Amino acid sequence: MSTSDNLVEVRNLGVLLAGRQVIRDVSFDIPRGGALALVGESGSGKTVTARVLTGLLSRIGGKVNSGTATFDSQDLVNANSREWRKLRGRMVALVPQASLSSLDPVMRIGGQLAETISELDPGADIRLRSLELLDQVRLPRPAALLENYPHELSGGMRQRLMIALALAGRPELIVADEPTTALDVTVQKDVLKLLGDLRKETGMSLLMIAHDLAVVGMVSESVAVMRGGELVEKGATDKVLGDPDHSYTKALLAARPELAPVGTPLAVLDRETGQLHRPELPVLLRPRQPEPIIRAEGVGMTYHNAKAPAVHPLDIDISAGAAIGIVGESGSGKSTLGRILVGAQLPTDGTVLVKGKSWQDVRANDPLRGAVQMIFQDPYGALTPWRTPRQIVAEVIARWQGLHGRATLEAAGDLLDDVGLPLQAMDRRPGGLSGGQCQRVGIARALACQPQVLVADEPTSSLDISAQAQILNLLMRLRAERNLALVIVSHDLAVIRHMTDEALVMQHGQIVERGPSSRIFSSPDNDYTRQLVSSTPTLRRTA
Amino acid sequence: MTTATLPRPFLAQGWLRALVGTHVSRLVGIVMFGTIVAMCVLVPILSPYSPNDFVNMPFMAPSWAHPFGTDSVGRDIFVRTFAGGSVDLIAAAFTTGFAVIVGTTLGTLAGATKHRWADTILMRIVDAVIAFPLIILLLALVVAVGSDKPWGFAPAGLPAALIALMCVQWAVYARLARGQALALRNADFVVASRVAGLNPFSIVMRHITPGVSRITLAYAIGDVVLVVVILASLPFLGAGVQPPAPEWGSIMYEGRGFLRNAWWITVMPGAVLALTGLSLSFIADSLLDNRR
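If you read the sequences in order, they're chains W and P. Positions in the first sequence are counted from 1; adding 978 to them yields the numbering used here. Positions in the second sequence are counted from 1; adding 108 to them yields the numbering used here.
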């Protein structure tokens, strides 16, 4: 067998971690100068696979118990730490996910580069090489940057710096572990483009780990889909994304909102049958109500000691059954606006009226308090860690529905069942639940107040794509069944377009564009909106 | 894929598992401390002598008959040590328990309240209390309360020490709880509870206090050790439990003059005191350890 064409060959790899077989029979190749994207949801084993190739598996206590992995015909599975010192950085380099925690917060950028260069490229002129590397990753004003600390850089700049550090040893393979997950879409686009350009310039190979199929199309010509430690499908990116063979890949694609007609339920993979199914949605009943439930008049927020307002004064009306999207990147003020609308935070300008009463005058025991509820971005953080879903929901039911004792626990069980939480999860602490399950509990708690408006702040951005589809389906069903008004705050244009009728686009605390969602995302008027739309990775509708 | 490695469980499910978790050091700590407490209860009951009996010759070295030897007047140090242990441990548990309850309640309320002025006033009082030298307060109280006669079960000299500790100890817990409560009051789950209209009191009791208690508990266990050491050092200042009542500090104090010839009078109760501290530290450390 000739190995000259393939830089990396993995054959029948199996990995044991904490007594569990987390990787089973995984095989793939990365050709010289080629790229492969490993895609999968959390727990699919994609990161563990990357750890085998970077020699970091033993750090987390994992062990390869079958198969082989070679780099340029060199055995990686049995390489000892001395051999890894020669390989790591010089042959294989890692670009980690969390750029801030991977950099030393008290060391200047120049120092961090110097340290890496002197280790991997001894004899090089450190300053010259540093500037060269910063230039290579298109960082502006490299000389000045050497004097900065990591916290002075934006997320996108830090991620470029991580790539520069990875390039220091002129590696033949870069392993990028979700390099753009924490970045805004406009920044993500640039970083992905940079990775593509660097491949062309240096001829290096790339192994990209991602959870988002749409991102993969922008950097890699081949893709491997993992699920539960197994590789279920691999092939050319166009083929896999356009015409997948495996039912799981089909499900991943069908779960994406941009591929389904707006407002329709998203397909979900049934774990038992392996079949795709689309849940039925009740028909939306929309009695027109002239009087809005929430009326925000000139609402703005300026934090103490802040130079510019986080939210410039703006007006929003929300009436029953409406679905409004608030779109923006980090720092746009969209989350602050969301919190002001639910009354979790009082605005510094203007007032938010709930059925004519200002939040300021609504006490904890006012029935209006329950009328507007919130869903949080971090599903775990939104649940009290030492209380079970049933306790959390029962407490709220006891508060609003006049039930006592056992009856509240039963009502909580019914409500949790309605939002699709399995029975065995109801009495476990949140730490033992999945992200999607926690989000269901958060929704059930909100419903226990019998709300008329639900404000969801990035409700699915920390969830896997299949969990996202289920939560979005649930929100659409609740909206239809209860005539709930939905306010969805998100950076994800596909989610907003799928879920809402009207959208506001925010930038630097101001609304730059508002109008019907279908119009805004197909023919935006504003430059910033246009930039957002063009940066968002999407899958073309095929088949 | 999460990257945490889980230690393999070494105990079956059940109450013991729930108590010990996966920490070997906690198990060791609990066994050691349990043994010491059991000795403090059992030795005075089962022993043929009372702590103040003159049982044999003075200055006898440790032997099977007298495992810790005898003191300058021929009392059995083994019996005196474990009889005195209950004085130290009960006093420490009592004052620390009081401090935990008072301090945590005040501190949690200060951290959770909307009224910043109430928080400010309480925390300045806390600052003053923490800044006040404990030993001076103690000696002043000994004069005021007197150390010549026992109060109920408390041997002479102990009440003044207990009052002084109760005056001072709570402040640390108030500060600890306030910091935790401040961090938790803006946590998503507390905001969610507020938005859901739960009443402020139940938010504090159900969603904030339990989060405060873990660190407080660990600190309190460490504090028990500190209080035992303070009580045991008081006799050296002329305060504390007065003779002839046995107490670790007073036994060691009596032995200080004979260290060269009869080291066991000081070392034996000192060793028991050290082991108590060690075992409690094992337990406290394992509580603060966040690895699951």
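Among these hints, one or two may not hold up.
Not everything, but these chain W residues come out facing chain P in the computed CB check (under 10 Å) [what the hints assert, rightly or not]:
1) S1079
2) S1080
3) V1084
4) R1086
5) G1321
6) P1345
7) G1348
8) Q1351
9) M1352
10) F1354
11) D1356
12) L1361
13) R1365
14) T1366
15) L1381
16) P1408
DEER-style ranges, computed between Cβ atoms [to be verified]:
17) I238/P to G1174/W: 38 to 46 Å
18) P1257/W to R232/P: 52 to 60 Å
19) D1339/W to V145/P: 51 to 59 Å
20) D1392/W to I238/P: 48 to 56 Å
The set of hints was computed from the structure by calculation and includes no laboratory data. Being a predicted model, the structure only gives us computed values, none of them experimental. Backbone N, C-alpha and C fix where the C-beta goes; we use that ideal spot for every residue, glycine too.
Each hint tested on the structure:
| no. | hint | result |
| --- | --- | --- |
| 1 | S1079 | violated, 13 Å |
| 2 | S1080 | violated, 14 Å |
| 3 | V1084 | violated, 24 Å |
| 4 | R1086 | violated, 29 Å |
| 5 | G1321 | holds, 7 Å |
| 6 | P1345 | holds, 9 Å |
| 7 | G1348 | holds, 5 Å |
| 8 | Q1351 | holds, 6 Å |
| 9 | M1352 | holds, 5 Å |
| 10 | F1354 | holds, 5 Å |
| 11 | D1356 | holds, 6 Å |
| 12 | L1361 | holds, 6 Å |
| 13 | R1365 | holds, 7 Å |
| 14 | T1366 | violated, 12 Å |
| 15 | L1381 | violated, 15 Å |
| 16 | P1408 | holds, 9 Å |
| 17 | I238/P to G1174/W: 38 to 46 Å | violated, 60 Å |
| 18 | P1257/W to R232/P: 52 to 60 Å | holds, 59 Å |
| 19 | D1339/W to V145/P: 51 to 59 Å | holds, 56 Å |
| 20 | D1392/W to I238/P: 48 to 56 Å | holds, 51 Å |
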